[in-house]
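> Sequence:
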Amino acid sequence: DSKVAVISTASNTVTTSIATPGLNPSPLALSPDGAQLYFASSTNGRVYSIATGTNTLSATSYFVGNNIYDIDVSLDNGSIYASADGDDKFGMVNLTTGVVTLFDTGDQPYGIVESLNGKTVYVGNVGSKNLSVFTAATLTFTTNSSVPQGSATSPVDVTLTDGISPPTGLFTGGDVLVEFLDPSSVVI
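In terms of this note's numbering, the sequence shown is numbered consecutively and its last residue is 755.
Just so you know, the hints here were simulated from the structure itself, not pulled from any lab data.
Among the hints, a few may not be true.
Unchecked claim - Pairwise CB distance ranges, derived in the manner of DEER restraints:
id, residue 1, residue 2, range
1, Asn591, Thr707, 29 to 35 Å
2, Thr705, Gly589, 33 to 39 Å
3, Thr664, Val581, 32 to 38 Å
4, Ser593, Thr664, 35 to 41 Å
5, Ser578, Leu706, 39 to 45 Å
6, Thr621, Gly589, 18 to 24 Å
7, Leu597, Asn661, 17 to 23 Å
Ideal placement from N, C-alpha and C gives every residue a C-beta, glycine not left out.
Take these sequences, add in the hints, and give me the full structure.
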């Protein structure tokens, strides 16, 4: 039974479920304005949305690639970013035009995050053990940045720091926090 459950944070109970027949939704990303919940289908490589005000699944979807590992919504609510590790692609969906643009990344792109100023998008690549860095406004590739690591580690997820010291197993570089596959062998 494929569905998304809505859970009340006040009571920690499921208040409703939204059917997503055969889509197996994972991962999920809430738009910054809270109006849309986006999810990737593990069965067809597409990204879908649910209107949070009505709990309605949209009929519109966007193909990004096989094995979507992570999705993120731009701070201006204008784009969805997705990593498709099955195709070694990073995708951007322009929500105004519906156009999907795909970019090559390193091997096995996983985690995605947009910088707090909205100018840069980072993609953690597990297979090539690096970060792909993109300029958000033009979505042009900037660089593949290496991350300090032991020989057996790979960046699994990326997130933004808030100035707090990172826990063991994480590397912080500027405003990016990288979680590694094997935290015990990280060199910080």
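> Decide, hint by hint, whether the structure agrees.
These are the hints, each one checked on the structure:
For the hinted restraint 29 to 35 Å between Asn591 and Thr707, the CB-CB distance of approximately 33 Å keeps it satisfied. At roughly 36 Å, the beta carbons of Thr705 and Gly589 sit within the given window of 33 to 39 Å. A C-beta distance of roughly 36 Å is found between Thr664 and Val581, which places it inside the suggested range of 32 to 38 Å. Between Ser593 and Thr664 the CB atoms are about 26 Å apart, so this pair departs from the stated range of 35 to 41 Å.
A C-beta distance of roughly 41 Å is found between Ser578 and Leu706, which places it inside the suggested range of 39 to 45 Å. The hint said 18 to 24 Å for the Cβ distance between Thr621 and Gly589, and at roughly 21 Å that hint holds. A hinted range of 17 to 23 Å for the beta carbons of Leu597 and Asn661 is consistent with their spacing of about 19 Å.
Going down the numbered hints, you'll see the structure goes against just number 4.
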